Amino acid sequence: MRRLVVLLLLLIPALAVADADEASSMRLSVKPMLCIIDKRTPLCELAFLVAWESDHDGYYCLFNDFREAPLRCWNDARDGQLDDERSVDQSFSYWMTGDDGDNRLAMVAVEVLRMDTDDRRRNRRTRHVWDIN
Amino acid sequence: MWMLALTAFACGAAAAEESAPQAAEQESPWRLGIALGYGMRSNPLVQSDDIPIVVDLDIAWFGERFFFDNGDLGLTLADNRAVTASLVARFNSDRVFFGNTDTRFVSADLAGMPLAEATEFTVPDRDYAIELGLEFLLDGSWGQLQFTAFHDVSSTHDGFEIYADYGYGWRSQRWYVEPSIGLSYKSSALNDYYWGVRDDEVSVVLPPYQADAGTNAHARLMLGYQISRNWSFSLVAEYEHLNDSAAASPLVDEQDILGYFAGFGFRFR
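Taken in sequence, the protein lines are chains A and B. First residue of the first sequence? That's 1 in the numbering used here, and the numbers climb one at a time after it. First residue of the second sequence? That's 134 in the numbering used here, and the numbers climb one at a time after it.
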């Protein structure tokens with residue numbers, strides 16, 4: 001029993017290092033990362049190009065905030081990409097997981113920036129020449 | 134074991150929080166920004182320098198009733214689907230040109246006639262006026278309109294100004310273009326205070342002049358590109374045509390005022 005505990009104590013840090021390696025080797029990119037909406041364009045209707053690359057072949061899954069199930073999984077792969085067409089009005093994230101399914105190896109946030117305002121006073125013409133509302 | 138369960142529960146709770154898209158942000162009452170770049174506003178006065186624009190601060194706060202917007206103080210009287218009406222106190226903007234004038238020895242008067250001897254000449258100074266007025270803001274799919282009517286409450290010029298500005302903006306993702314045009318009627322008292330030449334200011338260089346009321350016209354074109362959440366790039370060009378009565382003043386060298394600015398803006402969000 002004591003040997004088992006010692007073995008576990010030795011293995012846990014090793015497993016943690018392996019996880020950290022996997023996480024640090026995952027690269028995730030999303031284009032575009034910024035979308036702007038206002039009263040006339042209340043939704044971002046875009047095809048987001050999501051691309052990932054890892055140093056190791058493996059089982060990887062791509063998720064986003066809109067569904068619990070993965071958007072897509074790749075088996076025995078070290079890179080991949082997906083065109084994700086979406087209509088959004090709030091910021092959200094994409095992330096990659098490995099075969100454990102829980103550990104996020106890389107995450108990218110897509111920002112939806114609302115540029116209009118319901119307060120007309122914020123659009124007053126002032127003497128500022130640069131202000132872009 | 135209970136530690137493990139607690140950790141699992143905490144991780145689950147965190148995952149549940151992350152799985153929902155972020156909630157819409159509450160708009161801050163503050164609007165704070167800074168722009169760095171290069172720009173210039175021409176000065177219509179004789180013997181004057183153009184006004185450089187290198188750094189521009191944007192400091193504003195909007196409460197439910199009261200607001201402060203880059204020196205303007207406002208009390209909102211009505212805010213509904215049709216219009217936002219506010220009582221606003223501000224400084225008059227015509228004074229800004231009189232802060233960038235030179236003192237020179239001149240050998241001709243302002244009409245170009247030679248003088249017997251070189252004479253020192255300084256453009257007379259003018260004070261800032263505190264003005265109180267009403268402001269009406271309207272907007273819709275057709276664009277945005279701003280009407281204001283201000284009267285001097287500081288006994289500086291005792292005049293008034295009525296202003297209208299219309300703008301329409303187009304956005305295509307990160308790009309934004311907004312042209313705007315407007316008119317500004319200046320009463321004779323206001324026009325004469327800033328552009329007239331009073332008896333005690335008359336000299337061999339400067340003849341007397343009394344300005345009447347007049348209407349200025351202005352146009353503006355703004356092109357913006359949103360680089361990121363906080364950073365943007367802006368190109369702005371402005372044009373103002375001084376009313377004929379102001380332009381006929383011996384203090385005025387150019388009837389048209391041109392301004393431009395190109396720079397990067399940072400807005401705290």
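Treat the hints loosely; a few may be bogus.
What the hints assert, rightly or not - Which chain A residues face chain B? A few, computed with CB under 10 Å, are given here: (1) 30; (2) 31; (3) 35; (4) 38; (5) 41; (6) 53; (7) 55; (8) 108; (9) 114; (10) 116; (11) 120.
What the hints assert, rightly or not - Once the Cα atoms are required to be at most 25 Å apart in a straight line, the calculated SDA-like pairs of lysine to any residue come out as: (12) A:39 with B:162; (13) A:39 with B:235; (14) A:39 with B:170; (15) A:31 with A:116; (16) A:39 with B:245; (17) A:39 with A:70; (18) A:39 with B:229; (19) A:39 with B:266; (20) A:39 with B:330; (21) A:31 with A:61; (22) A:39 with A:69; (23) A:39 with B:231; (24) A:39 with A:125; (25) A:31 with A:69; (26) A:39 with B:196; (27) A:39 with A:89; (28) A:39 with B:198; (29) A:39 with B:284; (30) A:39 with A:99; (31) A:31 with B:196.
Hint data in this document are derived by calculation from the structure and do not stem from the laboratory. Since we're looking at a predicted model, the values are computed, not measured. No residue lacks a Cβ here, since even glycine has one placed at the ideal position from N, Cα and C.
Now the hints, each set against the structure:
1. At a threshold of 10 Å, the smallest CB-CB gap from residue 30 of chain A to chain B is about 14 Å, leaving the interface hint violated.
2. The interface hint given for residue 31 of chain A is violated, since its Cβ lies 12 Å from the closest Cβ of chain B, which is over the 10 Å cut-off.
3. Below 10 Å, beta-carbon pairs count as interface contacts, and residue 35 of chain A has one with chain B at about 7 Å; its hint therefore holds.
4. At a threshold of 10 Å, the smallest CB-CB gap from residue 38 of chain A to chain B is about 6 Å, leaving the interface hint in force.
5. Annotation: residue 41 of chain A was flagged as interfacial toward chain B, and the flag holds, the nearest CB pair being 6 Å apart, inside 10 Å.
6. Hint status for residue 53 of chain A relative to chain B: violated, with the closest Cβ pair at about 23 Å, above 10 Å.
7. Interface restraint check for residue 55 of chain A: the shortest CB-CB distance to chain B comes to about 25 Å, outside 10 Å, so the restraint is violated.
8. Using the Cβ-Cβ criterion of 10 Å, the hint placing residue 108 of chain A at the interface with chain B is not satisfied: the shortest such distance is roughly 13 Å.
9. The interface hint given for residue 114 of chain A is met, as the beta carbon of that residue sits about 8 Å from the closest beta carbon of chain B, less than 10 Å.
10. Hint status for residue 116 of chain A: holds, given a least beta-carbon distance of 9 Å to chain B, under 10 Å.
11. At its closest, the beta carbon of residue 120 of chain A sits 4 Å from a beta carbon of chain B; the interface hint therefore holds under the 10 Å criterion.
12. The hinted pair formed by residue 39 of chain A and residue 162 of chain B meets the criterion: a straight-line CA distance of about 20 Å does not exceed 25 Å.
13. Our distance criterion of 25 Å between C-alpha atoms is broken by residue 39 of chain A and residue 235 of chain B, whose separation comes to about 48 Å.
14. Between residue 39 of chain A and residue 170 of chain B the CA atoms are separated by roughly 30 Å; this puts the pair beyond 25 Å, and the hint is violated.
15. Distance hint between residue 31 of chain A and residue 116 of chain A is fulfilled; the C-alpha atoms sit about 23 Å from each other, no more than 25 Å.
16. With a C-alpha separation of about 56 Å, the suggested pair residue 39 of chain A and residue 245 of chain B falls outside the 25 Å cut-off, and the hint is violated.
17. Between residue 39 of chain A and residue 70 of chain A the CA atoms are separated by roughly 32 Å; this puts the pair beyond 25 Å, and the hint is violated.
18. The suggested pairing of residue 39 of chain A with residue 229 of chain B is violated, with an alpha-carbon distance near 36 Å, which exceeds 25 Å.
19. Under the criterion of a C-alpha separation no larger than 25 Å, the hint pairing residue 39 of chain A with residue 266 of chain B is inconsistent with the structure, at around 30 Å.
20. Taking the CA atoms of residue 39 of chain A and residue 330 of chain B, the gap is near 49 Å; set against the 25 Å cutoff, the hint is violated.
21. A distance of roughly 18 Å separates the Cα atoms of residue 31 of chain A and residue 61 of chain A; the hinted pair therefore holds under the 25 Å criterion.
22. Under the criterion of a C-alpha separation no larger than 25 Å, the hint pairing residue 39 of chain A with residue 69 of chain A is inconsistent with the structure, at around 32 Å.
23. For the proposed pair residue 39 of chain A and residue 231 of chain B, the alpha carbon gap of about 41 Å is over 25 Å, so the pair is violated.
24. A threshold of 25 Å between alpha carbons decides the hint, and for residue 39 of chain A with residue 125 of chain A the separation of about 19 Å falls inside it, so the pair holds.
25. Proposed proximity of residue 31 of chain A and residue 69 of chain A is supported: the alpha carbons are some 22 Å apart, at most 25 Å.
26. Taking the CA atoms of residue 39 of chain A and residue 196 of chain B, the gap is near 22 Å; set against the 25 Å cutoff, the hint holds.
27. For a cut-off of 25 Å, the pair hint linking residue 39 of chain A to residue 89 of chain A stands: about 11 Å separates their Cα positions.
28. A C-alpha spacing of about 24 Å is found between residue 39 of chain A and residue 198 of chain B, which places the hinted pair at or below 25 Å, so the restraint holds.
29. Between residue 39 of chain A and residue 284 of chain B, the direct Cα distance comes to roughly 35 Å. Violation of the 25 Å bound is thereby established for this hinted pair.
30. With a CA separation close to 42 Å, the supplied pair residue 39 of chain A and residue 99 of chain A exceeds the 25 Å bound.
31. With a C-alpha separation of about 37 Å, the suggested pair residue 31 of chain A and residue 196 of chain B falls outside the 25 Å cut-off, and the hint is violated.
Hints 1, 2, 6, 7, 8, 13, 14, 16, 17, 18, 19, 20, 22, 23, 29, 30 and 31 from the list above are not met by this structure, while the remaining hints are.
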